[in-house]
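K.L.:
Chain order of the listed sequences is A and B.
Sequential numbering of the first sequence, starting at 299, is according to my numbering.
Sequential numbering of the second sequence, starting at 183, is according to my numbering.
Quick caveat, the hints were computed from the structure, so don't treat them as lab data.
Incorrect hints may appear among the rest.
When the alpha-carbon atoms are kept at most 27 Å apart in a straight line, the in silico DSS-like pairs for lysine-lysine are as follows [what the hints assert, rightly or not]: (1) A:LYS409 to B:LYS379; (2) A:LYS436 to B:LYS236; (3) B:LYS290 to A:LYS351; (4) B:LYS327 to B:LYS304.
Only a predicted model underlies this, so the values are computations on that prediction, with no experimental measurement involved.
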Amino acid sequence: MADEVKLLSLLGSPNVCRVEIALKLKGINYESIPQDLVNKSADLLKYNPVHKKVPVLLHNGKPISESLVIIEYIDDVWKGVPVLPQDPYEKAQARFWAKFIDDKCTPAILKAFGMEGEQDATEANGQLQYLENELNVKGKKFFGGDSINLVDISASFLAFWVGAIEEASGIQLVTKDKFPKLTKWCDDFVNCQAVKDSLPPREALVAFFKGRFGN
Amino acid sequence: MGNKSEIKLLGTAASPFANRVQFALNLKSMKYEYIEENLACKSELLIKSNPVHKKVPVLLHADKPPICESQIIVEYLDEIRPDLYQLLPSVSLDRANCRFWAAYIDNKFFPLYEELRQTLNKAGQEAIKEQMIEATQQLEEAFIKSSNGKTYFGGDQVGYLDVILGCFIRWTQHVDELNDFNKFDEVRILELAKWAKCIASHEALKSVTPGKETLESFFGLINIYRPPYK
């Protein structure tokens with residue numbers, strides 16, 4: 299029996315994009331089912347009753363929610379291109395950085411643009427420095443080394459959405475002089491095929507954020 | 183794993199996250215050296231080992247650089263010694279279910295306790311208690327599905343989710359007492375209430391659960407460093 303893979307999705311959602319990158323890296327065929335988050339579908343409420351959010355992966359009818367949980371599931375089930383390192387120690391480090399990006403970095407970035415409380419970039423500059431240092435220490439193109447892994451994928455918002463928000467708001471956050479390695483990483487990451495194929499159109503994103511900033 | 187000093191754990195007696203790792207190590211009968219940290223005066227070792235968060239727990243395994251974040255540490259231990267009391271299930275879908283609820287417990291359930299501690303106004307407190315009731319309702323349903331009529335989330339044996347949630351029982355009990363609240367109200371969530379009693383008395387957890395005095399003094403500390411403000 300062939301695998302049936304569906305993804306309850308939303309254009310422009312960074313967390314949905316993360317899952318799509320993982321699916322494309324593994325060469326998994328799936329059906330994307332865009333959702334309306336204002337008028338939530340019966341399926342969304344049925345398959346993610348706890349959070350009622352996207353993304354939700356449906357694998358042969360079984361739902362999995364939470365983007366990082368979904369990505370680990372995808373890596374578990376489908377072999378081929380590894381998304382997580384095989385070595386338990388390296389895996390733990392990858393999970394640490396992915397969690398750091400979600401729990402600390404992204405909220406700080408939102409704060410830096412004034413999208414969550416008063417605008418203040420202090421925290422974001424600090425958190426981004428950790429990522430800059432990590433790239434420095436690794437000395438490779440990506441957090442995953444020569445190819446992207448869970449950490450790179452977790453930082454999709456940083457790689458692509460932040461640039462669009464910078465353009466829309468006029469606020470610069472990830473500059474070449476402050477974060478040279480991170481800036482280069484952003485470029486390299488968005489140019490990976492699996493990533494390119496999963497990103498939303500930039501102009502639409504910029505237009506969306508321009509609306510949010512009243513520009 | 184014969185050499186006791188091969189695994190070191192930086193922790194704090196009152197920290198449920200440190201207790202969580204100890205619970206897992208005990209279940210797996212893995213020997214370790216425990217180093218108590220004074221969070222009011224963090225050691226150089228802690229700051230060096232966890233420069234990003236400067237928090238416990240931190241696992242030091244042989245000569246490898248440190249591993250931080252309790253859930254990540256527990257998964258790591260399970261991966262290096264799957265032969266010793268496997269915590270995570272073998273089936274991918276069940277593993278995903280465990281990780282989903284682990285994220286819910288740490289990101290939605292437990293933070294409510296910190297919010298409650300920081301909220302002084304009555305209306306705010308009532309609103310948080312409502313959310314706690316809802317969260318425990320979700321956990322009750324998760325328990326019923328996961329346990330399948332058995333004693334633990336993991337079935338007949340303590341599993342990953344029992345460890346992830348079990349470490350919070352004593353802490354949340356303490357906060358409940360301070361706030362005249364009962365999160366595991368037997369009337370409301372019978373199965374989870376039964377489970378809570380069971381897990382709290384499990385030898386591997388009981389042996390590392392902090393006493394009232396330890397918790398009181400730790401809460402005193404937090405109230406100084408992160409005082410209530412809402």
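K.L.:
Are the Cα atoms of LYS290 (chain B) and LYS351 (chain A) separated by 27 Å or less?
P.N.:
Holds. LYS290 (chain B) to LYS351 (chain A) sits at ~14 Å (cutoff 27 Å).
K.L.:
For the pair supplied as a hint, LYS409 (chain A) and LYS379 (chain B), confirm whether the alpha-carbon distance does not exceed 27 Å.
P.N.:
Violated. LYS409 (chain A) to LYS379 (chain B) sits at ~42 Å, over the 27 Å cutoff.
K.L.:
Between LYS436 (chain A) and LYS236 (chain B), does the CA-CA distance stay at or below 27 Å?
P.N.:
22 Å, holds
K.L.:
Sort out whether LYS304 (chain B) lies within 27 Å of LYS327 (chain B), counting only the CA atoms.
P.N.:
35 Å, violated
In summary, the structure is inconsistent with hints 1, 4 from the numbered list given earlier, while agreeing with the others.
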